[in-house]
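Build out the structure end to end from the sequences listed, making use of the hints.
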Amino acid sequence: MSKPRVKVPKKAAAGDVITLKTLISHTMESGQRKDKDGAVIPRKIINKFVCEFNGNIVFSCDLDPAIAANPYFEFKAKVNESGTFKFMWTDDDGSVIESEKAIEVA
Amino acid sequence: MNKALITSTMLLTGASLLASLGLQATPVDDALVIDGELEITTQVKAPEGHALKELYSGWRYRTDETRAIEADSFENPGMLGVEQGEEIWNTVEGSEGKSCASCHDDAAVSMKGVGAQYPKWDADGNKPINIELQINKCRVENMGAEAYKFDKGGQKPLTAYIKHQSIGMPVTVDLSQGDMQKWWEAGKETYYLRTGQLNMSCASCHEKNQGKYIRADHLSQGQVNGFPTYRLKQNKLISLHNRFRGCIRDTRAEFPAAFSDTLMGLEVYTTWRGTGLSVETPAVRQ
Amino acid sequence: MNSDRRKILGAAVATAVAGLFGNMGVAQASVEDTEAAIKAFAGDAEIGSGSLTLKAPEIAENGNSVPISVLVDSPMTDDAYVESVVILAEGNPNPAVATFHFSPASGEALASTRMRLAKTQNVIAVAKMSDGSIYSDKRNVKVTIGGCGG
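Line order of the protein sequences matches chains A, B and C. Position 68, counted from 1, in the first sequence is what my numbering calls 68; the numbers after and before it change by one each time, with no gaps. Position 178, counted from 1, in the second sequence is what my numbering calls 178; the numbers after and before it change by one each time, with no gaps. Position 32, counted from 1, in the third sequence is what my numbering calls 32; the numbers after and before it change by one each time, with no gaps.
Keep in mind that a hint or two might mislead.
Said to hold, decoys possible - Facing chain A, from chain C, some residues (calculated, C-beta under 10 Å):
#1 V66
#2 M76
#3 P93
Claimed, not checked - Simulated crosslink set (DMTMM-like; lysine to aspartate or glutamate; CA at most 25 Å straight-line):
#4 K78/A / D35/B
#5 K48/A / E83/B
#6 K138/C / D33/C
#7 K55/C / D62/A
#8 K236/B / D91/A
#9 K149/B / E83/B
#10 K36/A / D151/B
#11 K10/A / E83/B
#12 K78/A / D78/C
#13 K3/A / D250/B
#14 K10/A / D72/B
#15 K142/C / D35/B
#16 K86/A / E46/C
Derived from the structure by calculation, the hints contain no laboratory data. We treat Cβ as the ideally placed atom computed from N, Cα and C, and that holds for glycine.
This is the structure:
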């Protein structure tokens with residue numbers, strides 16, 4: 001399993017609306033497939049994605065099994081001050097994968 | 001019943017159906033520039049003795065959306081595999097206490113151009129060797145580690161990482177070394193050999209009908225310059241020999257083992273058929 | 001040799017016709033399930049058009065990864081912003097795909113992701129604004145079948 005990929009501009013001007021991109025390695029097992037013996041492969045997906053900036057939620061997403069493997073998101077954020085973006089992916093098994101990226105706002 | 005009439009009517013219906021869906025039947029005229037910086041050669045004059053005049057990367061046969069994913073190295077999910085490969089490169093394994101980096105240092109320097117020149121002649125083994133088998137040779141002889149089984153362990157991500165160091169560089173095959181020319185000949189024979197219940201050769205689709213549609217699939221020239229390739233169908237990196245086997249299986253034929261002499265010959269020959277195209281690893285395909 | 005090839009391609013194209021328009025045997029969410037999901041999200045509010053744009057390819061090369069994006073026209077201030085956008089797929093085993101939640105800190109109500117489509121079908125996006133108003137947009141996406149059974 002590789003680390004999640006996040007793309008945040010290093011710098012921005014106060015009041016800028018910036019583009020954020022994230023990509024994480026995950027099979028997103030839908031729970032609708034069967035194995036060779038005909039048994040249903042249990043569902044195991046990332047069901048929640050959250051992006052915070054300095055502790056406040058900017059954007060989040062509830063994911064269903066129809067999201068493709070290796071979930072990709074692109075979204076926007078308005079930045080008024082320097083700080084840190086925190087990205088969190090919650091797996092069906094309860095585990096949370098986190099990643100952080102700082103931005104300098106002038 | 002007149003079979004010929006029925007099939008040609010079906011073809012006609014199929015063709016007009018596809019036309020009505022707005023599908024193009026030729027490679028698109030577009031330039032691949034990754035991240036707006038790295039120019040990729042997706043069209044080049046074929047080398048002498050090639051059945052086709054112009055060579056096109058498979059990228060030119062894909063839809064706008066699929067092409068856009070490869071044009072952005074962040075959006076390309078194949079890069080997840082490349083990053084995994086980088087971790088493996090730096091991980092110590094085996095009885096000698098070495099990682100790839102112990103001997104080869106920074107792959108960005110030591111591996112630059114390497115992936116563009118494989119497969120090449122391996123005098124020790126007296127046959128051609130590809131990146132996957134070179135990794136295995138290194139693991140066994142220098143690291144004291146076990147060889148990766150086909151498509152297992154770190155084989156795909158590490159191969160992708162090594163080939164990615166040559167992205168944008170032209171594919172070349174040196175046929176002057178050892179018996180490479182003989183293996184090229186054998187590979188050519190495999191390429192044109194009709195096989196399976198469908199009685200198809202590689203050339204049936206990727207030479208004679210490239211640019212046309214098989215069902216709703218736009219047939220490319222079957223170029224191998226982007227492997228391991230991220231396929232949207234499986235949503236993961238797919239190795240060249242896996243794709244060889246998949247293609248042969250689809251003709252309803254028994255398929256040879258990965259890295260068998262038959263498929264090594266085919267790798268030599270198909271790599272040569274893409275001479276001059278850029279390495280695209282990890283390419284993004286349907 | 002030529003006639004062999006014609007037969008093969010003819011048969012292949014015939015299968016393509018069946019594949020494109022036939023029932024693929026996947027458990028299907030009824031259009032009613034989708035309507036129920038919209039009702040659950042929107043309540044009794046009237047559903048308007050405009051303001052929300054759903055972008056999706058006319059033809060998806062592979063149903064396992066179809067890029068989509070939504071963009072909602074909104075000032076994204078504390079007084080007026082987009083709360084959420086739900087994505088639904090009429091012809092999937094389950095219509096739910098994803099729900100995006102925005103905030104004034106989003107700056108712009110734009111989101112892109114990649115989704116699975118079991119077959120050719122309508123993809124529907126429904127947006128809920130902070131004042132409770134609802135907007136919807138729909139795209140038909142044709143899902144193609146790979147060559148020779150692949």
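Verification of the supplied hints:
no., hint, in the structure
1, V66, "holds, 7 Å"
2, M76, "holds, 7 Å"
3, P93, "holds, 6 Å"
4, K78/A / D35/B, "holds, 24 Å"
5, K48/A / E83/B, "holds, 24 Å"
6, K138/C / D33/C, "holds, 16 Å"
7, K55/C / D62/A, "holds, 19 Å"
8, K236/B / D91/A, "holds, 19 Å"
9, K149/B / E83/B, "holds, 21 Å"
10, K36/A / D151/B, "holds, 20 Å"
11, K10/A / E83/B, "holds, 21 Å"
12, K78/A / D78/C, "holds, 13 Å"
13, K3/A / D250/B, "violated, 35 Å"
14, K10/A / D72/B, "holds, 18 Å"
15, K142/C / D35/B, "violated, 29 Å"
16, K86/A / E46/C, "violated, 36 Å"
Violated hints, listed in ascending order, are 13, 15 and 16; each of the other numbered hints is respected by the structure.
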